[in-house]
Amino acid sequence: MESPRVAGEAMNKSKVYDFGLRALTSKELAFILRLYIGGLFIFASLYKINHAVEFAESIANYQIVPYWAVNVLAVTMPWLELICGLMLVMGFRAKSVTVMIGVMMAMFTVALVINVIKDTPISCGCFSTSGDLISWRTVLRDFIWLAMIVHIYYFDRMLHLENRFLAMLRKVQQ
Amino acid sequence: MTITRNNLSAKPFSSLRELEYKSYQLGLLNEYLRELTILQKKQEILERFLLMCMGAVGTDKSLLLVFDQAEELAVYRRGFAESQIQVLREHALSWGQKHFSRKYIQKDLLPKQVLEISAHQSGGVHEPDLPWPDKTDYIMRWTLDAGCFGFLALGARLDGTPYSDLDRDFLLQLVEILMDSLQLAGSRAEVDKLNNELTQKNKELVQALNQAEKSRENLDRQVFHFKALSDTSRELSAILKKDKLLDAFMLMVLGVLSSRRGCLILYDEQSDKILSAFRGQEAHDPDSLPHSQIKDLIVSLYLSDDHYTDPEYRVQHVKNGQLQSIFPEPGLEMAVAFSLDRERFGIIGLASRLVEEDYSEQEQELLISLTYNFLPALANAYSFETIQDLNLDLGQRNFELSRTIEELKKSHETINILQKARNRVRDLIHTEVSRLQRVRVWDFVFIIAITLLISLPYNNSSPGGISLTPANWSLPDQEVTGIQEAADRFYSGQAIIVDARPNEFFQQERIRDAVNLPLNLFDFMYMVHFAGLDPEKEIIVYGRNISRRYDEQVAFELQQRGHEQVKVMPGGVSQWKAQGLPVKP
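Residue numbers (this note's numbering), protein chains in the order written: chain A, 1 to 174; chain B, 1001 to 1585.
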């Protein structure tokens, strides 16, 4: 009487594990995460685009970028975020965009970690100039986002708005 | 008492009267000889002889018995009564038979013998063998040859005198004349008979010749018929079309039988068709014929279904009466019905001949034979038609098959094209997917280029836009001071130290007694700390990092406010601290 229940439980466990694994690695999840990260980047960029001075200040606060590049970065970085965010949401060249976003996020995280270690009294400047000072929590948050980006990279293959069908038809017509 | 002629001639003549009588008798003999030799028939000769005898010797009764070859007895009489003769006849017949049988033994009996049996001077004479009638005075037996002999009996002379020697001589000579005449008549009859036989044979010969001629003609005709038959078979077997076959056969039949015209109607019940061939002087409209009646006529000839294929009944003669009751034209004189099988049969009718002769049995037979020859050719034609139909069918099917194959080929080509397209699409999808999954450098270049293209013009036109170059690049060079010098002057009170960094950094670590003057709060802090400051007072500004030159900017601002002694200390808090100078906190 004992063993079947154990077996059943084991089976249940493996079932749950399988289901969880499948859910975790599903393209649907990747799609949701893609929308989330894309939206995040779009949202982050909107304020910064119109407040370049403040963003430049934020960049400068991190004391990583040389002084001559701060303004250029402050002008271009929000736009880069916006464009990458939009492309990710639309699913246009999603793979490359994911890599790009990942790189950006990684850079932010590195900068954040450095400054957390240095204990620089600055706010994140991720969304706006105001906000809490940076901390390990901020670092953790970035890492979570980074993990999401990695997930997207590996599992995203849904609803890509690319004109590949059009191109395909054109080739068939030849 | 028998006297031969020789004995008689040897007797001398005594008197003149005798001589005269003799000459008279000779004259008579001569006359009688002439008369008798003229006569041809034996009967006439004998009749005449009887009369001559009676006249010459002067008696009114005479009798002549003649036995001839056939053992028949002929009796000639003058003056004797029939009743007397009847008895004699019977006896003579039996005697004759006996005599004949004996005579055959006595072969030495001479011909042309005359024998005087009896001569009575008066009264009746009775030959012991034969019952001669009464008043028979003189009997003589004569023998012409083995086949002809007889007796001459004479009655008494009218004057009552007996028969003299002269008379008997005379009678002997007369009988000789009779025998000669009979012989002559016999020869003549023989010649006539031979002549008749010859004529008869001649006639027979002529008849035989005619017969031979006729046979030859028949033979010729038969040869002609056989030739016609063989020609028919040969020519017909080469014709494979039914219409042509019927026409050709009809033409041939008319030619062979020399008919004026003819018709051939073939009924095909299977396909419900009527084929016909009309030849000759007048052609009929085939549709106008009473086909149902003709069919009934033909069917009535075949008593059972087996007859249609039985070789004995396949071709049958149609009687004239039956024919004329159906055919509208009266000219048809001969017809045969024929059948190929139960469903295909027909009739051949012929009108009168070109020659003035009716159709004979032979012609009828020939027509039947010709028709028998025609049937295999007709069957052949049917077979050929069937084969042709089959061929046609086969050709049609072949055509359809090849068309199907063609279509299949086309479909195959289409399938190939579709397959290729499918492969291409699949490849395309494959490349697209792989492209989608690949990270390309060009994507980065593209994104960065787009970013630059949008962001830079936007920054230029935006009210919140900033200069791309660092602010201090546009400022004049500032006077720089070292840490030690700055510390000396600060601690000697000749100078004040300003921290240009934002307040957070100032709060975190600063040179002791330095005043915080961040750019964002410049006006306010200036008002608080520097409003009353002597412009001549030396101000040392520090505060820079990798990203910002706060000191230079603040120094510039201070100069703008009228301060002349403004110096920048690049070393900042870190070097200050390294020199061991006090920092706070």
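Misleading hints may appear alongside valid ones.
[What the hints assert, rightly or not] Pairs of lysine-lysine, DSS-like flavour, derived with a Cα cap of 27 Å:
#, chain 1, residue 1, chain 2, residue 2
1, B, Lys1193, B, Lys1041
2, B, Lys1567, B, Lys1577
3, B, Lys1042, B, Lys1273
4, B, Lys1584, A, Lys118
5, B, Lys1273, B, Lys1201
6, B, Lys1041, A, Lys118
[As the list claims (entries may be wrong)] Footprint (simulated), chain B over chain A, 3 or more residues, beta carbon under 8 Å:
#, region
7, 17-27
8, 32-43
9, 60-67
10, 140-150
[To be verified] Taking beta-carbon pairs under 8 Å as the criterion, some of the chain A residues facing chain B (in silico):
#, residue
11, Phe108
12, Val110
13, Ile117
14, Pro121
Think of the hints as simulated: they come from the structure by calculation, not from any bench. Beta carbons: idealized from backbone N, C-alpha and C, even for Gly.
Verification of the supplied hints:
Taken as a hint, the lysine 1193 of chain B and lysine 1041 of chain B pair is honoured in the structure, with Cα atoms around 13 Å apart against an allowance of 27 Å. The suggested pairing of lysine 1567 of chain B with lysine 1577 of chain B holds, with an alpha-carbon distance near 19 Å, which does not exceed 27 Å. Straight-line distance between C-alpha atoms of lysine 1042 of chain B and lysine 1273 of chain B comes to about 86 Å, which puts the hinted pair past the 27 Å bound. Under the criterion of a C-alpha separation no larger than 27 Å, the hint pairing lysine 1584 of chain B with lysine 118 of chain A is consistent with the structure, at around 18 Å.
Proximity of lysine 1273 of chain B to lysine 1201 of chain B is assessed by CA-CA distance (about 65 Å); at most 27 Å being required, the pair is judged violated. Taking the CA atoms of lysine 1041 of chain B and lysine 118 of chain A, the gap is about 200 Å. The hint is violated against a cut of 27 Å. Here the region 17-27 of chain A counts 0 residues with a CB under 8 Å from a CB of chain B, which misses the bar of 3, and the coverage is violated. Counting residues of the region 32-43 of chain A whose beta carbon lies closer than 8 Å to any beta carbon of chain B gives 0, which falls short of the minimum of three for the stated coverage.
Coverage of the region 60-67 of chain A by chain B holds in this model, with 8 residues showing a Cβ closer than 8 Å to a Cβ of that chain against a need of three. Check result for the region 140-150 of chain A against chain B: violated, 0 residues qualifying (beta carbon to beta carbon below 8 Å, three or more required). Because the smallest distance between the Cβ of phenylalanine 108 of chain A and any Cβ of chain B comes to about 15 Å, over 8 Å, the interface hint for this residue is violated. Hint status for valine 110 of chain A: violated, given a least beta-carbon distance of 15 Å to chain B, over 8 Å.
Because the closest C-beta pair between isoleucine 117 of chain A and chain B is about 14 Å apart, greater than 8 Å, the hint is violated. Contact between proline 121 of chain A and chain B, as hinted, is supported at the beta carbon level, the nearest pair being about 4 Å apart and thus within 8 Å.
The structure is inconsistent with the numbered hints 3, 5, 6, 7, 8, 10, 11, 12, 13, although it conforms to all the rest.
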